[in-house]
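At position 207 of the sequence shown the residue is numbered 189 (the numbering used here), and the sequence of numbers has no breaks.
Subject to a maximum C-alpha distance of 25 Å in a straight line, what follows is the list of computed SDA-like cross-link-like pairs (lysine to any residue):
(1) K142 x N78
(2) K304 x V294
(3) K79 x Y130
(4) K79 x L224
(5) K305 x A56
Using C-beta positions, here's what the derived DEER-type ranges look like:
(6) K79 x T252: 36 to 46 Å
(7) L9 x T231: 30 to 40 Å
(8) L14 x N306: 16 to 26 Å
Quick caveat, the hints were computed from the structure, so don't treat them as lab data.
Only a predicted model underlies this, so the values are computations on that prediction, with no experimental measurement involved.
Idealized CB from N, CA, C, for every residue including glycine.
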Amino acid sequence: MSDISRPAPAAGSTLARLTQNNQIVLLVTLVLLCLVISLGAPQFYSVDNLIAILRQCSLVLIIAAGMTMLLIAAEVDLSVGASLAFSGVVAMDVTNKTGSVALGVAAAILFGGAVGLFNGLVVTRLRVNSLIATIATMMILQGGVYLYSREAVQNMHLQKAFTDISTGYVGPLPVPVIIAAVVVIIAYVVLRHTTAGRYIYATGANERAARLSGIRPERLKLIVFVVTGLLTGLAGLILASLMNAGQPTAGRGFELTVVAAVILGGTSLTGGRGSLLGTLLGVLVLKVIDNGIIILRWDQDLQMVIPGIVIVLATYLDLVRKKNDAT
-17 MSDISRPAPA AGSTLARLTQ NNQIVLLVTL VLLCLVISLG APQFYSVDNL
33 IAILRQCSLV LIIAAGMTML LIAAEVDLSV GASLAFSGVV AMDVTNKTGS
83 VALGVAAAIL FGGAVGLFNG LVVTRLRVNS LIATIATMMI LQGGVYLYSR
133 EAVQNMHLQK AFTDISTGYV GPLPVPVIIA AVVVIIAYVV LRHTTAGRYI
183 YATGANERAA RLSGIRPERL KLIVFVVTGL LTGLAGLILA SLMNAGQPTA
233 GRGFELTVVA AVILGGTSLT GGRGSLLGTL LGVLVLKVID NGIIILRWDQ
283 DLQMVIPGIV IVLATYLDLV RKKNDAT
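Required output: the full structure, derived from the provided sequences and hints.
So this is what it looks like as structure tokens:
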């Protein structure tokens, strides 16, 4: 008796096949973008421009590493942009008042972690949907930062060690790029090679089944929220160092870029699927587009339009991917 096999995909399922090779598609897209932009702006391949792209990618990538884990666990944090700005203000303010860069660094990261803890408790203890909970947190932080500081906190401590966090180099690589690389490597190892990573995937795929298997989804999600908050605080510190000031409006729209990059990288909005490699490629694609808009002298408002388009497109592709998996 012959084996019964699954029927081959229909001829019109080219889109479905592409969604199954998301990382390859992103890599090809990235190469094509670089070629097209370089034709219009040969300076695209200059060392200074490539370093600028890597530096821009690092801020998004640091937070996107945490956001990837959150989305895999079927949660989301839309307060990261507001937390990024507030963390930078706290970093500069504490450094000004104490004269200690170490205390400023610690204050920024711990503040971000506290925001993540708050979000995690609201979601896991009060059972508020993470989308609603973190939008509320975003609003609290956007107003709270002005109560904390009515205007940008300028650098009054004049310590080179603070600005070196964002502008310093280790060999040929900027410090933020090295920090982002370390964060991504650690997150990759956790997701792919630890029990905690397997639990995160299991929780996002089927929380009820995960609970029946002995996993504690609430505790796991709380930890991932805190980790995302800590990484947001770290990114806020780097941004404040780069601007040499704590700017209350610095993170406006940043959460959209992060979410767009993660979803573009193939992480499912409904949880249970995603990878750090896909997120890395998603960040690179978005930041190369941003860089191309600047050096080609296009309207820079397009930098806000594109993430919105990406979110819609990537969400649709996620639906196609899930439908294809179910057939």
